[in-house]
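Protein chains: 2
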Amino acid sequence: MNYRGSAKKLLESSGISIGDLILIEKDDVNYQGMVLDRSADADDQHIVLKMDSGYNIGVNISNSNLKLLEKGEKPKLDLKPLVIKEDPDKKDISIISTGGTVASIIDYKTGAVHPAFTAEDLLITNPELLDMANIKGKAICNILSENMKPEYWVKSARSIYDEINEGAYGVVVAHGTDTMHYTAAALSFMLETPVPIVITGAQRSSDRPSSDAFLNLLNSVGAAKSDLAEVTVCMHAGSDDTYCYLHRGTKVRKMHTSRRDTFRSINTTPLARMKEGEIEIITSGKGYKSRGTVELKLNDYLEPDVAFIKSFPGITGEIIDYHLDKGYKGIVLEGTGLGHCPDQLIPSLERAADYQVPVVMTSQCMYGKVNMNVYSTGRRLIKAGVISGGDMLGETAYVKLSWALGHCEKLEEVKKIMETNIAGEIEEKSSLDYFLQ
Amino acid sequence: MNYRGSAKKLLESSGISIGDLILIEKDDVNYQGMVLDRSADADDQHIVLKMDSGYNIGVNISNSNLKLLEKGEKPKLDLKPLVIKEDPDKKDISIISTGGTVASIIDYKTGAVHPAFTAEDLLITNPELLDMANIKGKAICNILSENMKPEYWVKSARSIYDEINEGAYGVVVAHGTDTMHYTAAALSFMLETPVPIVITGAQRSSDRPSSDAFLNLLNSVGAAKSDLAEVTVCMHAGSDDTYCYLHRGTKVRKMHTSRRDTFRSINTTPLARMKEGEIEIITSGKGYKSRGTVELKLNDYLEPDVAFIKSFPGITGEIIDYHLDKGYKGIVLEGTGLGHCPDQLIPSLERAADYQVPVVMTSQCMYGKVNMNVYSTGRRLIKAGVISGGDMLGETAYVKLSWALGHCEKLEEVKKIMETNIAGEIEEKSSLDYFLQ
Chain F
1 MNYRGSAKKL LESSGISIGD LILIEKDDVN YQGMVLDRSA DADDQHIVLK MDSGYNIGVN
61 ISNSNLKLLE KGEKPKLDLK PLVIKEDPDK KDISIISTGG TVASIIDYKT GAVHPAFTAE
121 DLLITNPELL DMANIKGKAI CNILSENMKP EYWVKSARSI YDEINEGAYG VVVAHGTDTM
181 HYTAAALSFM LETPVPIVIT GAQRSSDRPS SDAFLNLLNS VGAAKSDLAE VTVCMHAGSD
241 DTYCYLHRGT KVRKMHTSRR DTFRSINTTP LARMKEGEIE IITSGKGYKS RGTVELKLND
301 YLEPDVAFIK SFPGITGEII DYHLDKGYKG IVLEGTGLGH CPDQLIPSLE RAADYQVPVV
361 MTSQCMYGKV NMNVYSTGRR LIKAGVISGG DMLGETAYVK LSWALGHCEK LEEVKKIMET
421 NIAGEIEEKS SLDYFLQ
Chain R
1 MNYRGSAKKL LESSGISIGD LILIEKDDVN YQGMVLDRSA DADDQHIVLK MDSGYNIGVN
61 ISNSNLKLLE KGEKPKLDLK PLVIKEDPDK KDISIISTGG TVASIIDYKT GAVHPAFTAE
121 DLLITNPELL DMANIKGKAI CNILSENMKP EYWVKSARSI YDEINEGAYG VVVAHGTDTM
181 HYTAAALSFM LETPVPIVIT GAQRSSDRPS SDAFLNLLNS VGAAKSDLAE VTVCMHAGSD
241 DTYCYLHRGT KVRKMHTSRR DTFRSINTTP LARMKEGEIE IITSGKGYKS RGTVELKLND
301 YLEPDVAFIK SFPGITGEII DYHLDKGYKG IVLEGTGLGH CPDQLIPSLE RAADYQVPVV
361 MTSQCMYGKV NMNVYSTGRR LIKAGVISGG DMLGETAYVK LSWALGHCEK LEEVKKIMET
421 NIAGEIEEKS SLDYFLQ
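Just so you know, the sequences run in chain order F and R.
First residue of the first sequence: 1, per full-length UniProt numbering; consecutive thereafter.
First residue of the second sequence: 1, per full-length UniProt numbering; consecutive thereafter.
The set of hints was computed from the structure by calculation and includes no laboratory data.
Just so you know, not all the hints are guaranteed correct.
With a cut-off of at most 25 Å between alpha-carbon atoms, the simulated DSS-like pairs for lysine-lysine come out as follows [claimed, not checked]:
no., chain 1, residue 1, chain 2, residue 2
1, R, Lys-429, R, Lys-326
2, R, Lys-155, R, Lys-136
3, R, Lys-383, F, Lys-26
4, R, Lys-155, R, Lys-383
5, R, Lys-429, F, Lys-149
6, F, Lys-326, F, Lys-297
7, R, Lys-149, F, Lys-329
8, R, Lys-329, F, Lys-326
9, F, Lys-326, R, Lys-326
10, R, Lys-26, R, Lys-90
11, R, Lys-136, F, Lys-429
12, R, Lys-429, F, Lys-383
13, F, Lys-71, F, Lys-85
14, F, Lys-67, F, Lys-85
Far from chain R, some chain F residues (derived; all Cβ distances over 12 Å) [said to hold, decoys possible]:
no., residue
15, Lys-8
16, Glu-278
17, Lys-286
18, Asn-299
19, Tyr-322
Keep in mind the model is a prediction, meaning the values are calculated, not measured.
Ideal placement from N, C-alpha and C gives every residue a C-beta, glycine not left out.
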């Protein structure tokens, strides 16, 4: 370690090593966190802690008292590969890892979190999963989800397709949380599935005391064994560790930067509650697709040149023109209120219609649905050919437009697909009640 | 009216006119709404209703039974101007109207809502306000707020400044709801105020039975008379008509396309509850600015060339380059999770830093705060010079960056302003508890 001088002495005299969870009492304030290493050229007057909030802080050691709360364990990367025995009484579940916090470890030198685990490492860290099913792990990439791209959605869909074709009773996808809902929507459109496809992740890495990785994985394997044969997201339901929600892949969104219950169904309820690996359906009569009711099918062509543009008071039509000039094939606008944007964009939106480029309107309110019939501004947008996104999330509309453009050419066909419910993304009986839940 | 033949006969025999609230019983379904006129070339088999949801529907009249629920009144546009007598015992409150639904009427021909009222018309429709204060009305523009522009923010700020200078005890701004929170943030930065500045609006126009205009206006006038001398938004707190919330202008957002309680404080609590025009402070010890504690000051220069860009999985660096090439002076990114965007944007973000163009990171999660220290992606962004938006809303960061660039030139100064709390936009002690409230 790089600690030296007074800081090193203090740590050693308290029996504290890097990675340990400690409490520093100083004046009237207590600091609790995991001890990180310092850079080689740092002074000897500070100890660096990773707080549970994710922040790193440097605490000056003068007048401070250190208490060891819990010895930290370094990630068990040096463990031997597991020997997995198949149990004929258990279901075959495939875990496909794409990376993300659920498959990450902390770098004790900088305090930053890096994607590092493979699907097998996931099992080594969470061996209890092997009691629930015969688990087959496969890593198809190893990235934080902010770097997910449409081409990786396609790769993921094809891997899942192969796993199901080869007999998987259900599939779990380990994924970063940042863009998990975009991937969930993409898989929802690309795959017609006779078995559950459950996407999960974590807000805190497995080696942190407050990690949500295990509960999310456990419940995801439970969901993969259930009757609910849709693409879903399985994440913490509340801030405690009691249960998870299973959200429909096209109606879910990351709503908080750091809370573990960050994923929320928007304009609908979650499909189910998952507790200790057991499912409780809570669709309140809206229904869901049962295991085995459709044939496995892959529709994986996506148009990559689709833009997702936020409307704001200072926006000009030039940004629409830029995308048209660059040859973009579709645009999703995140408008204001019921689905509006400034009148000054209309000439450029009319130009998009002339170019046969579909423009889909969604709302940055997120809750509620687009209705361009109420105000004069909206009526002008309809006249300019803008397609309503209904109660679809902007993120889902962006993914769906990429998919629709991959499957048909004519503007009228694309418009029809966008306005038709394909994978639960449009709630036919949308209710005002589903607000901030 | 354009109804003819069977439809006209049915309406007349039921004593129903355009604008009336009626119930159509047909087969097993009931349709309730306001009767709209039809277009001149329409058939005689349908009656068009404006539903409470805002939707217009055409109901086929065969096998249907009509019931008049409530006679509609056309907007009283033909009333004579009010003669307003000053009462020395009452406070002087100025209402500045910019347009929006609160100042709109329905077009009975098309069912669309148009901005139509002036500030004086607001008083004619809501004469009870005159019992609360000596009210002076002024219309500075008449637009739906999706057409608000930074230049109108400046115009509004100057008008408010003049009203306060001329002795207004408080100011109410009537505004459309679509971009109300952008304007609220802009006024928060542009005005240091010794009196309350309260922005309000409506989700349903005054001539609709479910209008929220009156309650919002009544409580806004109450708030303008109170001790809370900040820029606030006053809108319905719940879906009933009992009270309103007073939200800090920099921490509020429209969260539902159509609900009347659409405005929500994000990452904090509302400042106060307003009931029957009376204020109840609920800041739970966080404090607020009292009347008279600062001198009136106007800081109204805004840089117009600021972009607000949403990150998404298929985004490329070209969109950043486009804005740099066009001479944009600042960029606010709406990143994912803790404040990330794909690594492929980094070369363009580094170019922005070379051009001395500030790039501010916010999160599309909306709840929680940006922390680019946790993951390797975030650390690369910090290294590329990206400024953290903290727990600021993306909308507020966009407005603040326009304001900061209007008030200083050097990148380092702009960075410092963006990271410093100016008008309550950065919550020093941000709590995880303020989620979906």
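ask   = Can you give the numbers of the hints that this structure goes against, from lowest to highest?
value = 1, 3, 4, 5, 6, 7, 10, 11, 12, 13, 14 and 19
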